[in-house]
Every structure is written in C-alpha cells, then in structure tokens.
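**Q** Chain by chain, the residues:
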Amino acid sequence: MSEYLLQMKGIDKSFSGVHALDHVDFAVRPGRVMCLAGENGCGKSTLVKIISGVYTRDEGEVYFEDKLIEHITPAEATRLGIQVIYQDLSIFPNLTVMENLAINSEITANRKLVNKKRWEETAKEALSKIGYDIDLYAKMGTLSVADKQLVAICRALLFNAKLIIMDEPTTALTKKEVDALFRTVRQLKESGIAIMFIGHKIEEIFEISDDVCVMRNGKNVFLGETRGLERKDLIYYMTGREINDDFFVPKNISEKPVLEVDKLSLKNHFDDISFKLHKGEILGITGLLGSGRTELALSLFGLEHPHSGKIIMNGREVKIKSPQQAQSLKIGYVPEDRLTEGLCLAQPIADNIELSSLKRLSKGGLIKKETIYRDAQIWVDKFKIKTDDARKNANTLSGGNQQKIVLSKWLATDLEVLVLNGPTVGVDIGAKQDIHALVHELANEGLAVIIISDDLAEVVVNCSRVLVMKAGRIVGEMEGKDITEENIREIIM
Amino acid sequence: MKDIKKKYGYTFMLLGLAAIVILFFTITKAGAFWKADVWKGIMAQFPEYGIMTLGLMFCFICGKMDMSFMMLADFATVMAVRHIVQNVTPEMDNGAVGGVIIVGILIALGIAVVGAIINAMLVTQLNIPPVMATISMQMVWLGISTAITRGDTVTGLPVLYTEIGHKTFFNWLPLPMILFIVIFLICWFILKYTVYGEKLYMVGSNEKAAKFSGINTTAVVLTSYILCDVLATIGALVMVSTMASAKADYGTSYVTRCILILVLAGVVPNGGMGKIINVLITLITIQIIATGVNLFSNLNTYYASLIWGALLVIVLILSTFMTDEGVISFKKRGK
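Residue numbers (our numbering), protein chains in the order written: chain G, 5 to 497; chain X, 660 to 994.
Keep in mind that the hints were calculated from the coordinates and are not lab data.
Certain hints may be false.
Okay, derived cross-link-like pairs now, DSS-like style, lysine-lysine, Cα gap no bigger than 30 Å in a straight line [unchecked claim]: (1) K396(G) / K666(X); (2) K334(G) / K121(G); (3) K372(G) / K666(X); (4) K373(G) / K386(G); (5) K390(G) / K867(X); (6) K323(G) / K906(X); (7) K166(G) / K255(G); (8) K372(G) / K906(X); (9) K334(G) / K314(G); (10) K851(X) / K334(G); (11) K906(X) / K699(X); (12) K870(X) / K323(G); (13) K867(X) / K267(G); (14) K267(G) / K699(X); (15) K223(G) / K13(G); (16) K867(X) / K474(G); (17) K367(G) / K867(X); (18) K373(G) / K851(X); (19) K152(G) / K867(X); (20) K179(G) / K867(X); (21) K699(X) / K372(G); (22) K334(G) / K906(X); (23) K474(G) / K205(G); (24) K388(G) / K255(G).
I would like the entire structure built from these sequences, with the hints used as guidance.
**A** Structure below.
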C-alpha cells in the first residue's frame with residue numbers, strides 16, 4: 005500500500021474550449037493537511053469537483069486507497085469516504101442542529117417515520133466525534149458561521165469520512181474562530197483523517213498545512229511539503245509575479261484634522277470613541293467581529309445614529325443623518341459585504357461606477373447613457389478593471405474586479421474622507437495588491453482614509469496609525485513602527 | 660449585429676408572438692378580422708388598462724408590487740364622479756361644466772397621490788412586504804368606496820365628460836388612444852433620460868447597495884408608487900368616461916391583467932429590469948387576442964383569459980431555457 009490516500013495523475017478537463025485543468029497531478033496523504041492554493045479561477049474548484057464526482061475528468065487516473073476509480077459519482081465519493089464542506093455549508097437554516105445532523109442518515113436508511121430519540125442519538129454521536137458541545141435544539145440559522153461550520157464537520161464525520169475537503173472555510177470567520185477551527189482540524193488529523201483545505205490566505209496556509217499544492221491557470225506549479233517553503237516563493241507560485249508588501253509611508257499629513265470624532269457613543273455598540281483623522285493618512289480601525297467597528301463606520305456614513313458625542317468636519321460640528329448627507333460632506337463608504345451592499349450585480353458595470361455621481365453627470369434631472377459610459381470608461385482604464393465593455397453587467401466580473409467597481413464608485417465623486425470596511429475580503433492576492441497600491445496613492449494625493457479590517461496583515465501594511473477596538477471601546481492606539489501583528493493581537497483578544 | 664440580437668432578443672420573441680397571433684386570426688377569420696371596425700375596437704379598448712400597466716411598470720422595475728392600484732383608482736374616480744354629478748346643474752354652460760370636471764379630476768389625482776404616499780410609507784418606513792401592504796390597502800379602499808356608494812353605481816355624468824371616452828378624430832383615432840400615446844412617450848422619456856429612471860433600475864436591482872451609494876431610496880420608491888397610482892387613476896378616469904358611471908369595484912380584473920402583461924413583457928416584480936417597448940408590444944398582442952376571440956361567435960370572452968394564461972405559462976417555461984440577459988429571470992439576484 006502506498007503512502008497516499010488519494011492520488012490523481014494527469015487530470016485533464018476542458019469546458020467548451022476552456023482548458024480548466026491541464027494534466028494536473030495531485031495527492032493527499034492520510035493524517036495530513038493538504039492545502040490547495042491558487043488565485044480565483046486557477047482551477048481549484050474544478051479539481052475539487054472532479055474529486056467529489058460533480059464533474060467527470062476528460063483524461064487521467066484517480067486512485068483512492070490504491071484502487072483505480074474509473075468513474076466517480078457524488079454517491080460513490082461519499083461511499084469512499086470523501087466529504088466536501090462547501091462555503092455555503094449546505095445546511096437547512098430553518099431546522100435545528102439535531103435535525104441537520106441526523107437528516108442524512110435518516111434519508112439513507114429510507115425511514116418513513118420520525119423518532120426523536122433516534123435523531124438525538126445520531127446527533128449526539130456526531131458531536132462527540134470532535135468533542136463539540138452545542139444546544140441540539142438551536143435553530144441552525146441562528147448560529148454563528150463558525151458554529152455552523154463545526155456542525156457541518158460533525159455531519160461529514162457521520163459518513164466515516166476519510167478525506168474532508170473544506171472550501172475556503174475561513175472566509176467569514178474572525179481570527180478567534182479560525183483558531184478554534186484549526187484546533188478541530190488538528191484533532192481530526194491526529195485521528196488519521198486527511199484534510200484538504202482550499203484557500204488563498206498565505207498566513208493560514210503556513211499555519212495549518214503539512215503539504216501544499218499550488219495551481220495557476222489550470223496547471224499545478226508546486227506540489228510538496230509546506231516545511232521549507234518560503235513565503236515569497238509561495239506567493240510567486242500563486243500569482244506568477246514577485247509581490248512585495250509595500251508598507252505605507254505617509255508623505256504629507258495635513259496639520260489640521262479633516263475629521264474629528266469626539267466621545268461618540270451608540271447604545272449597545274460602542275462607547276466614548278474619540279479620534280482625529282488627517283488628510284494624507286490611513287487610519288486603521290481593527291477589532292473582532294462585534295467590537296463595534298462596523299457600527300462606528302456606519303455612524304460616519306449616516307446609517308447609524310449615535311446618541312451622544314460629536315462629529316466635526318473641517319472644524320465644524322456636523323450631524324450625519326443619512327448617506328446623502330455624508331456624501332455632501334464628502335465622506336465615502338465602501339461597505340463590508342460587496343454583494344449585498346456594494347453592487348447592483350444585474351446592472352452594467354458603468355452604471356454601478358457612476359451610481360454615486362449621478363448629480364455631477366446630470367443636468368436638470370436629465371442624464372444620458374453615453375455620459376455615464378464615457379465617464380465610467382475613465383475608471384475602467386485607470387483601475388484596470390478586466391472587462392472589454394463597461395456595458396456588461398457587474399456579475400460578469402471576479403471578486404477583485406467587482407471590488408474595484410465599488411472603489412471607483414466613490415473615487416468618481418469628490419471625496420475628503422474614504423471609509424473602507426474590509427476592502428479586500430474575498431479578493432485574491434493580485435487584485436489585493438492593486439487595491440492597496442491605489443489606496444496608498446490616494447492617501448498621498450491628500451485623501452483621508454480609514455481602513456476597518458480584521459485582516460491584521462492588511463492593517464499592518466497599509467495603516468500609518470491604528471486604533472484597536474474591543475467591546476465598543478478603543479483599547480489601544482499605535483503608530484508607525486509599533487504597528488505589528490503581535491502588538492495588535494496582544495490587545496485585541 | 661450580435662449586440663442587437665442580445666439586447667433586443669426578447670423584443671424579437673414578442674414580435675414573433677404577435678405575428679403568430681395575427682397570422683392565426685387572419686387564417687381562421689380572414690374576412691372578419693381585417694376590417695376597420697375590428698382595429699378601431701382594439702385601439703379604443705386597450706388605452707385604459709394600457710395606461711394602468713405603464714404605471715405598474717414603474718413599481719415593478721423598482722422591485723415593488725402594488726395590488727391596490729385599481730381599488731384606489733376606483734375610490735378616486737367614485738369621489739370625482741360624485742363631485743361632478745353633485746355640482747353640475749342643467750343650466751350650466753359648457754365652460755362651467757368643464758370647470759367642475761377639472762376639479763373632479765384633480766380630486767381623483769389628489770386621492771391617488773395620497774394612496775401612493777400611504778403605500779410607499781408602509782413599504783419603506785415600516786418595512787412591510789409590498790404585497791401584504793398593498794393588499795391591505797386594496798381592501799381599505801374597496802371598503803371605503805363601497806360604504807360611501809352603498810355598493811351602488813354612481814351615474815349622471817354630463818355628456819362633456821362621457822365624450823372623452825368616445826371621441827374619435829379623423830373617424831379612426833380615439834381620444835383615449837392619443838392620451839395613451841402621450842403617456843407612453845412621457846414614460847419612455849422618464850426611463851431613458853431622467854436621473855430618476857437611472858436610479859429606478861439601480862434601486863430595483865439592489866435597494867441596499869443603492870442606499871449605500873448615497874441614493875435616497877425612499878424618494879425613488881415613493882415616486883414609483885405615485886407614478887403607478889396616478890397613472891392607474893388616469894386609466895380609471897378614461898374607463899369611467901366610457902362606462903358613463905363609476906363603481907367601487909369596476910375593473911377588478913385589470914389587476915391580474917396588468918401583472919400578466921408586465922410579466923409576459925419581461926418586467927418582473929423582482930426589479931431592475933424591463934423595457935417599455937416590450938410592454939407596448941405585449942399590450943397590443945393581448946388586446947388583439949381579446950378582440951380576435953370575440954369574432955368566434957361560439958366562444959365566449961373568457962376564452963381570451965384562457966389564452967392569455969396559457970401564453971404566460973408557455974413564455975415562462977421558454978424563458979427557463981434561455982439564460983441570456985434581458986430575458987425573464989426569477990432567480991434571486993446577488994448569488
């Protein structure tokens with residue numbers, strides 16, 4: 005018996021002319037964590053779907069426990085012990101934890117009647133596999149993403165999983181939750197289960213994985229042990245270009261602050277927040293989920309209404325009651341959730357870019373489509389948004405390019421303060437670098453920027469000053485060289 | 660060429676549908692169908708609910724629904740007709756009667772605006788789902804106007820008013836048709852060239868994102884309801900003129916008919932999409948079917964309803980096979 009649990013040789017797959025996988029070799033060893041890394045669109049998901057039987061390979065061989073598997077179907081994959089936990093977790097939010105855990109085995113056993121006791125036993129057995137404790141009767145939809153994920157893992161274990169594949173499991177998790185997830189992963193690994201992680205966060209790859217497979221443009225460019233791999237090499241494998249983290253060095257910070265926040269409080273969210281923001285600086289506000297960082301940002305944009313405290317713009321006290329008011333004060337806000345808050349996906353790229361600039365482009369309430377497209381094209385070119393026609397809908401673009409639309413929307417207006425909430429969530433490294441470089445450039449041109457993020461690496465690279473929030477209060481402030489991930493982590497928890 | 664095909668693919672499909680319908684009646688009722696009277700009838704009949712459909716279109720593009728427009732319009736016209744009937748005396752000359760009529764029309768439009776504001780407030784300020792909010796308002800308006808009229812028909816309109824619905828120019832162009840054309844052009848202009856039109860599609864596509872972009876979404880929704888209810892009332896004023904009376908529940912079948920036309924035209928209440936030209940083509944097709952069915956002496960008018968429903972189902976089934984942009988899509992946006 006070879007050392008591999010799953011071995012794939014020369015896998016090839018094309019979709020109507022697009023070569024998604026080009027003779028890819030891949031292997032997973034039992035009791036190890038394999039990370040499948042690569043930028044969006046590199047073929048990661050296609051490979052996973054071939055393993056899980058959703059797609060059929062055009063060419064190549066797949067061995068599972070040394071047996072050649074001719075044809076994989078989803079049912080066959082499950083029987084072999086392959087379980088995929090997708091990003092949406094495939095749960096029933098309206099059912100309880102117990103029902104979610106037990107429903108699959110009930111269906112497989114083809115039972116027609118419900119036996120609460122048997123369901124409970126199945127559920128308890130599942131939870132005990134990773135020693136996880138949660139209210140069995142809690143509605144799935146009310147749980148945090150982290151809890152949902154653990155329930156999904158428990159459910160996978162019920163099928164005697166030998167290989168668990170997790171599709172970007174850390175995307176919606178806070179650092180603390182990621183740590184908890186990684187503890188569970190290590191526990192599973194020790195019991196001999198192979199784990200396959202799909203992701204593109206460099207820090208996490210180094211933290212959790214034993215082996216790495218890096219894919220780029222449908223080919224695997226690296227397959228081997230994580231140990232001994234250099235960070236910059238990994239990034240090079242993923243992006244195909246050398247990427248250096250350019251730390252932001254403010255060039256001209258204004259003497260007078262453009263925005264002052266004085267003892268601002270919002271019941272149940274944040275309390276007694278004071279800070280000053282100058283032109284030309286990038287201020288980071290970081291904190292865990294629920295620390296009040298998002299609510300603070302929304303208050304600056306008129307979507308939350310603080311019950312006490314003052315906001316002062318250019319020396320004058322202002323009340324920001326609506327986004328329109330924030331906009332007329334030259335404050336822009338790039339929201340946390342690009343898909344639901346940032347974009348009209350089914351509308352053209354150009355119309356999205358100009359959504360906040362309609363006043364500038366119109367005359368007496370009238371506007372021409374040509375004007376919108378002409379103006380938007382400037383941003384498409386400047387930002388290198390990958391599209392051949394700005395008349396195409398926003399949903400034809402990848403996450404990184406979509407985020408560029410949301411940014412250009414605000415840059416197309418006249419701004420003094422730009423608040424970025426999680427500016428690069430779900431964006432791959434290449435686009436992330438573009439966005440960071442652009443924000444640096446804007447700050448040096450005199451824009452005051454606030455970055456709200458729990459991606460500490462991002463905060464460290466981009467911010468000239470950082471405020472750390474915890475339970476609605478500012479618990480630390482650091483500047484320049486003092487901004488390190490360790491320093492922030494020390495006070496954030 | 661490919662662009663045109665993509666952009667107007669659905670329009671071509673609707674034109675094809677219209678051609679099939681016309682061809683069908685030409686073959687089966689060759690002599691009777693191509694007569695001036697038939698086409699005069701078509702032009703005389705669809706303007707009243709055509710105007711209503713154009714109004715509801717704004718609500719749909721905005722991603723909202725208005726079930727109350729007909730009952731609100733009935734209430735508005737009942738009040739208008741009561742005002743006219745009570746104030747017009749036989750001694751009055753045409754100028755004085757015209758004055759009373761204008762006041763009556765203004766009363767109706769005022770009521771429509773108030774109803775629209777109530778709808779918009781329920782939807783935007785209290786976050787009640789549009790269908791629920793407007794169904795409730797529908798019953799409220801029906802209740803009020805039935806109570807006022809005791810369920811009776813209000814009659815006694817002066818000739819000057821009833822003429823509106825029956826007047827024709829050059830012996831073939833009805834006045835309501837002219838009104839419809841004017842309103843159609845205004846609506847087309849609003850959608851294509853105004854900032855409101857631009858905002859309308861964006862709000863309909865993703866209200867939250869529009870809000871986060873500094874758009875006053877409440878104002879956009881309110882404007883849409885006002886356009887919807889005011890146009891519905893204008894349609895009802897024409898209807899009242901042709902019927903020479905007003906009643907609390909006139910035109911109830913128009914609610915489903917307007918929705919059917921819009922969905923068939925690819926303007927679905929999910930919001931953010933739809934072309935006004937498609938609405939026009941669908942409107943005319945639907946009326947041709949209704950008139951054509953009447954030519955068969957052995958069929959009653961309800962067969963038109965059957966054909967409309969069947970057409971809608973067929974189009975919906977076809978559209979699930981077409982995934983291109985611009986085609987009806989009931990998939991939830993954003994994912």
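**Q** Each hint needs a verdict: does it hold in this structure or not?
**A** Each hint, compared with the structure:
no. : hint              : verdict
1   : K396(G) / K666(X) : 11 Å, holds
2   : K334(G) / K121(G) : 60 Å, violated
3   : K372(G) / K666(X) : 18 Å, holds
4   : K373(G) / K386(G) : 20 Å, holds
5   : K390(G) / K867(X) : 25 Å, holds
6   : K323(G) / K906(X) : 50 Å, violated
7   : K166(G) / K255(G) : 54 Å, violated
8   : K372(G) / K906(X) : 43 Å, violated
9   : K334(G) / K314(G) : 17 Å, holds
10  : K851(X) / K334(G) : 29 Å, holds
11  : K906(X) / K699(X) : 26 Å, holds
12  : K870(X) / K323(G) : 18 Å, holds
13  : K867(X) / K267(G) : 29 Å, holds
14  : K267(G) / K699(X) : 73 Å, violated
15  : K223(G) / K13(G)  : 12 Å, holds
16  : K867(X) / K474(G) : 28 Å, holds
17  : K367(G) / K867(X) : 26 Å, holds
18  : K373(G) / K851(X) : 8 Å, holds
19  : K152(G) / K867(X) : 26 Å, holds
20  : K179(G) / K867(X) : 28 Å, holds
21  : K699(X) / K372(G) : 37 Å, violated
22  : K334(G) / K906(X) : 53 Å, violated
23  : K474(G) / K205(G) : 24 Å, holds
24  : K388(G) / K255(G) : 25 Å, holds
In the structure shown, a violation is registered for the earlier hints numbered 2, 6, 7, 8, 14, 21 and 22, in ascending order.
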